[in-house]
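Peer 1: Given next are the chains, with one letter for each unit.
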Amino acid sequence: MMAERTQGAGARLGFARTTAFRLTLLHLALTLAGTALLAAIAWWATVGFAARQAAEEVDRGMRVLAQSAALSGLRGVALSIEARLAADRSGVEYYLLAGPDGQRLVGNLAAAPPATGWQTIEVRRADGEVVPVLTLGAWLAQGATLFVGRDLSAVAALETRLIGAAGWVGLGAVLIGLAGGLLIGRGVARRTAAMDRALAAVAAGDLARRLPVTGRGDEFDRLSARINAMLDRLAEVMDALRSVTDDIAHDLRTPLTRLRQRLEEVTRTASGEALASARAAEAECAAILDLFAALLRIAQVEAGAQRSAFARLDLSSVLDSVAEVYAPAAEERGQTLTAEIAPGIEAFGDRSLITQLFANLVENAVRHGRAGGQVRIALARAGEGAEAVIADDGPGIPEAERERVFRRFHRLDAARATPGSGLGLALVRAVAGLHGMELRLEDAAPGLRVRVTVPPPGATAAPVAP
Amino acid sequence: MRILLVEDDAATAAYVKRGLAEAGHVVDHAADGQEGLFLASGGGHDVLVVDRMLPKLDGLSLVRALRAAGIRAPAIFLTARAGVGDRVDGLEAGGDDYLAKPFAFAELLARINALGRRPPLQQETTVLRVGDLEMDLLRHSVTRAGQRIALQPREWRLLEFLMRRKGEVVTRTMLLEGVWDFHFDPMTSVVETHISRLRAKIDKGFDRPLIHTVRGAGYTVRDDG
Chain A
1 MMAERTQGAG
11 ARLGFARTTA
21 FRLTLLHLAL
31 TLAGTALLAA
41 IAWWATVGFA
51 ARQAAEEVDR
61 GMRVLAQSAA
71 LSGLRGVALS
81 IEARLAADRS
91 GVEYYLLAGP
101 DGQRLVGNLA
111 AAPPATGWQT
121 IEVRRADGEV
131 VPVLTLGAWL
141 AQGATLFVGR
151 DLSAVAALET
161 RLIGAAGWVG
171 LGAVLIGLAG
181 GLLIGRGVAR
191 RTAAMDRALA
201 AVAAGDLARR
211 LPVTGRGDEF
221 DRLSARINAM
231 LDRLAEVMDA
241 LRSVTDDIAH
251 DLRTPLTRLR
261 QRLEEVTRTA
271 SGEALASARA
281 AEAECAAILD
291 LFAALLRIAQ
301 VEAGAQRSAF
311 ARLDLSSVLD
321 SVAEVYAPAA
331 EERGQTLTAE
341 IAPGIEAFGD
351 RSLITQLFAN
361 LVENAVRHGR
371 AGGQVRIALA
381 RAGEGAEAVI
391 ADDGPGIPEA
401 ERERVFRRFH
411 RLDAARATPG
421 SGLGLALVRA
431 VAGLHGMELR
441 LEDAAPGLRV
451 RVTVPPPGAT
461 AAPVAP
Chain D
1001 MRILLVEDDA
1011 ATAAYVKRGL
1021 AEAGHVVDHA
1031 ADGQEGLFLA
1041 SGGGHDVLVV
1051 DRMLPKLDGL
1061 SLVRALRAAG
1071 IRAPAIFLTA
1081 RAGVGDRVDG
1091 LEAGGDDYLA
1101 KPFAFAELLA
1111 RINALGRRPP
1121 LQQETTVLRV
1131 GDLEMDLLRH
1141 SVTRAGQRIA
1151 LQPREWRLLE
1161 FLMRRKGEVV
1171 TRTMLLEGVW
1181 DFHFDPMTSV
1191 VETHISRLRA
1201 KIDKGFDRPL
1211 IHTVRGAGYT
1221 VRDDG
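Protein chains in written order, with the working numbering: chain A, 1 to 466; chain D, 1001 to 1225.
Bound conformation, chain A alone (with noise of 0.2 angstroms):
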């Protein structure tokens, strides 16, 4: 439970590294240049419109205008704005005809704009409200100036008015990426985590376990269709190989097992020579059915399908049981053997072949160590989990040896004249991979440390590559 937990905030925080954030992302900034486009086209479509239209009829006027002045005179002029600001029932229309020497001919602007040409000027109008107003000034002639308005106030209404639409629109579109894009991104978190906690069991050994398919047929479906397809062919060649495993014990097992017999047989009749060679041709016998038992072990446990002893265990008395075991061996070597073991330590999985992880490593220590020396073996609490340390003070492990050890039949130029088949370390590994242990050999300056690191019995046993 406690795992889960932590798994849980390890997936909010990790969230903003997944694919599924990034197209959230990148769906959200579509969403908005779309957005920003359509606003574009909105503008252009209507005030952009309205505000051309406005100034093609200024420039209109000014045409009119400019002709009768240049047919009729300023007289002219002038009875052409009055009929034209009579005319205008909206009022959104400006004139101004200014003589030679700048006074107000006609017209209904208060003053002339600063300069001829296109301006946009603020004009307050009759109601008091404060306008603004495009206006086109023009020489005349007769050395007056014309100035031709129109109102724009409704484009400017109608600007106001479509940045506020666009702003909403806007905002609603990103509201609706986000959650589109959260439920996308979830939607597909949801299933790779669900691929990835099945993967995660079939690491851990458990082999039967397969990815969940929705039956949408949709390209996860296909995926872990494929990878099932794939896990499926992997537990046919595990079972394939535990049967011939099987078959090899069986089959290699019984001759062997008849040939113990028959010697001894011998050795119950024998006398003398006959007798030393029949026990020393039993001992070469069990010899070889020891190394034969441990590489299937190894193998076995490799397999990691043997789950059924699992249990939740007492670390704490498998470790005082093994050292209880070794202390005379150690005393017979001139060795200290310490215990510094915490009570009430546990931890998950097979008591049996834990209890002979420990075995194999204080053997080593007590074995490979100095005569004389000291061993020692302590069990603390690390964390939620534990922390088993085995420690000799003899010639250690070198350094760019320390991978190696752990192979099959390996062993140090310096044991070879000990006895020892090699695999006792192998077994370690294989042991401490099924129950998720990390191994560590240390420097002990002199001599060598195994540091184990041991989950906490709740956890699922994760793989560790050892």
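What the hints contain is simulated information worked out from the structure, not anything from laboratory work.
If a hint is listed, it holds; no wrong ones were tucked in.
In silico DMTMM-like cross-links for lysine to aspartate or glutamate, where the CA-CA straight-line distance does not exceed 20 angstroms:
| # | chain 1 | residue 1 | chain 2 | residue 2 |
| --- | --- | --- | --- | --- |
| 1 | D | K1204 | D | D1132 |
| 2 | D | K1166 | D | E1155 |
| 3 | D | K1201 | A | E331 |
| 4 | D | K1201 | A | E332 |
| 5 | D | K1056 | A | D251 |
| 6 | D | K1204 | A | E331 |
| 7 | D | K1056 | D | E1035 |
| 8 | D | K1204 | A | E332 |
| 9 | D | K1166 | D | D1223 |
| 10 | D | K1166 | D | D1224 |
| 11 | D | K1017 | A | E265 |
| 12 | D | K1056 | A | D247 |
| 13 | D | K1201 | D | E1134 |
| 14 | D | K1017 | A | E264 |
Chain A is fixed; fit chain D onto it per the hints.
Peer 2: Relative to the frame of chain A, chain D by itself:
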């Protein structure tokens, strides 16, 4: 004792049968699981020796069926596997002991004797005695000929295990399993070392040794006097 042997390998069966007969036991033999079930259902056996891999009905199912039928005779499994988890499977099926093939006959015999001993449902013994050696379980003291012997806890447990089986042969592996819960064979001769330490305290300085080595089999505690 009357022993049922369920074993399909004829050579092994013949060997075990002859050995058990020499040791004074009566042996019934079945060559497959069904025959074994048939013979065992009749009851009347003191110990069942059952191979795990059998034709027609495997050993685990055989013992499970017998237990379901109320046959309580202790059963010992023989197995040819390297056996991670096999021991637990065997115990869960209702087996009482477990021996990996190939085994020394002496090992099998010692285990059959231990299983067939049927501890009498006695009132809890408080004092174990072998000759002039006395172990008082309540007062936690060991004396030989009235002399107090100081034992370390590990020596105490080993001696208690041996004394509770006085007169019987106890093998190395039985000691490893029974005293320390070691279900594998350590390379170092740890059992021998423990025994020699215990001997130094129990037998040294006394004219009659009580801890005896049984050649090719194990140890026994008995008073020859």
